[in-house]
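Listed here are the chains, written in short residue letters.
Protein chains: 2
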Amino acid sequence: MALTEFSVIGEFFKLDAAYGHSPVIGIGDDCAILDVPAGYQLAVSTDTLVEGVHFLPGSDPVHLGHKVLAVNLSDLAAMGATPAWVSLAITLPNIDEPWLAAFTEGFFALASRYSLRLIGGDTTRGPLSITINIMGLLPTGQRLTRSGACVGDDVYVSGAFGNAGLGLLKARSGAADLTDVDVAAYLRPQPCVELGQALLSVATSCIDISDGLSADMNHILSASHVGASIEHSAVPLTKSVVEHVKQLDDVFWPYATGDDYQLCFTVPAGVDVGSLEKEGRTKITKIGVIEEDLGLRLVQQSGESRELNKGYEHFDE
Amino acid sequence: MALTEFSVIGEFFKLDAAYGHSPVIGIGDDCAILDVPAGYQLAVSTDTLVEGVHFLPGSDPVHLGHKVLAVNLSDLAAMGATPAWVSLAITLPNIDEPWLAAFTEGFFALASRYSLRLIGGDTTRGPLSITINIMGLLPTGQRLTRSGACVGDDVYVSGAFGNAGLGLLKARSGAADLTDVDVAAYLRPQPCVELGQALLSVATSCIDISDGLSADMNHILSASHVGASIEHSAVPLTKSVVEHVKQLDDVFWPYATGDDYQLCFTVPAGVDVGSLEKEGRTKITKIGVIEEDLGLRLVQQSGESRELNKGYEHFDE
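Residue numbers (my numbering), protein chains in the order written: chain A, 1 to 317; chain B, 1001 to 1317.
These are computed hints drawn from the structure, not numbers from a lab.
One or more of the hints may lead you astray.
Said to hold, decoys possible - Per the computed footprint, the stretches of chain A lying under chain B, defined by three or more beta-carbons under 8 Å from a beta-carbon of chain B, are:
1) 22–35
2) 39–45
3) 50–57
4) 78–85
Claimed, not checked - Partial chain B-side listing against chain A, Cβ under 8 Å, derived:
5) 1024
6) 1027
7) 1042
8) 1043
9) 1044
10) 1047
11) 1076
12) 1124
13) 1133
14) 1138
15) 1139
None of the values given here were measured: they were computed from a predicted structure.
Note that beta-carbon positions come from the ideal geometry of N, C-alpha and C, so glycine has one too.
Full structure from sequences and hints, please.
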């Protein structure tokens, strides 16, 4: 029995949990109606994930439901915003009830962790792709941006780099073991929502790393009209990534590979960041410093310095 | 020379016009930041249009840029909201600069008519589809919904019905003459934004007609727990649609065909609607009445009454 568009929405996209910011009107009318509390501004971001481009054909729908939301939560995290509401537009070749049930399981498990309410969406027929529009709240006037980095600021990152890129290589060979740190980083990225919120009062700039540390850090540098040097030996790399780099004999690989969804941020030198790891529930590491000279330099242990400017771009492969 | 994702956004999706509600932060960071004015609530809607499903392969990109926005403006119109901000997520097989220039020409021409600001978006590679997330403003507590129709209310529609469905048939045969009322209704629908705003203080319920008058009016009836009768002889049909109905010998055709983006709304009997056409900048016509008996009945001139319940549903063809 074919389900109609309307009953699909009703069956799978309904979230009746009484947590988070209730919409004035949620799913089921032509628009949702939202009340932004007094003293807050709205942070809004949109991301699309397309099968075969952003995820492998035949991906496990539970992981996919998690990941598509994690990618968007990561954008809120990069601004320091608190997640509030989300819309889900999903295009499917045909209605596949077990697939939808699994997708929504992954999606709602992550949404509920952040008290995020689904307030609307659209289901259409076509090649598989998912677009999310996410909305978060920021105290008026407070936010993290890409443009505030100042000469002398320290450069920090959360977590480690290159694991998702390595996880993609493993997933392509069929690996799906979530106890593998690389596979987990690729299939189930954990957005740094708590860290973003903790950075609101501390960081001068912030970005989330979706296209590679090099590409995304360069966005901070151009927006802030500064440069930076990072120490290769300081950059957090797991044993698996260090080994992969050795095999490839390519020290730049961890900087050019995407999908890690860690945060990169700058903090004025001397500011105490001691409580950030606890508040942000993740490891942070100082990897470099903001400088006047434009460009991003990677300094190796030999003292050799090389320009870093390349990352993953969707139309530039 | 291949453009990168980032320069595509910069080149084509930038709107520097100094009209409308300026975002606190617009395109270029991880999120846009918006200030909802005190005393207002936010109306939010999302719609996806997929090539080959919602528009013909090879569609003129100027018309497409107009139509994808018109479809979303129509959802704001149905709630009585004033357009404010919009995000555009576009998935393209490859970067085609003339296509993008034409698409944004159509998109921004309509956006500027409603002082609508583009505040963000995403460009990805994949089969052509476009998802829009649109946001509008409503005075706190005021809105049109589907659920307020009361027994005895008059049922009205804007414009005329069936033209877009007939226009699709003509466009499939290659017609692109915008002076043809049907082709224009299909390629360049005009959202009833002004009418929606004018209805805020008058209508008890409202919906926009995207899936056919029958399907969409049935949404009002179920949400309001009422029924209705409409008089076939009162329903506004252009000469072209009347002729098509004769050829098909199918009186139900104009009620089952979609894409007209007119409004259907209910008004308490006796309320003066004299100023609505001028304020709403469109013709309105009384076509029926809300009744206690559930269901939607079409009463023909012979007096014969038939149940109307079928519309266009994306997964149910």
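Problem set entry | chain B over the segment 39–45 of chain A, status - at least 3 residues with CB closer than 8 Å | This one holds; 5 residues, not fewer than the three required, reach chain B with a Cβ under 8 Å.
Problem set entry | Hinted contact residue 1076 of chain B with chain A - closest CB pair below 8 Å | holds (6 Å)
Exercise. Holds or violated: is the Cβ of residue 1138 of chain B closer than 8 Å to a Cβ in chain A?
Worked result: For residue 1138 of chain B, the interface hint holds, since the closest Cβ of chain A sits about 7 Å away, which is under 8 Å.
Problem set entry | Outcome, coverage hint (the segment 22–35 of chain A, chain B; C-beta under 8 Å; three residues) | Coverage by chain B holds for the segment 22–35 of chain A (10 residues, Cβ < 8 Å).
Problem set entry | Agreement of hint residue 1027 of chain B with chain A interface, Cβ distance less than 8 Å | Given a least distance of 11 Å, the restraint on residue 1027 of chain B is violated.
For this session: Using Cβ atoms only, decide whether residue 1139 of chain B comes closer than 8 Å to chain A, and label the hint accordingly.
Result: violated (11 Å)
Problem set entry | Three-residue Cβ test at 8 Å for the coverage of the segment 50–57 of chain A by chain B | holds (count 5)
Exercise. Does residue 1124 of chain B pass the interface check with chain A, least Cβ-Cβ distance below 8 Å?
Worked result: holds (5 Å)
Exercise. Per the CB criterion, is residue 1044 of chain B less than 8 Å away from chain A?
Worked result: holds (5 Å)
For this session: Return the status of the interface hint for residue 1133 of chain B: holds when the least beta-carbon distance to chain A is below 8 Å, violated otherwise.
Result: holds (4 Å)
Exercise. Hey, does the residue 1047 of chain B contact hint survive, CB to chain A under 8 Å?
Worked result: holds (5 Å)
For this session: Examine the segment 78–85 of chain A: at least three residues should have C-beta closer than 8 Å to a C-beta of chain B.
Result: The restraint on the segment 78–85 of chain A holds, since 4 of its residues have a Cβ under 8 Å from chain B and three suffice.
The structure fails hints 6, 15 (numbered hints given earlier, in ascending order).
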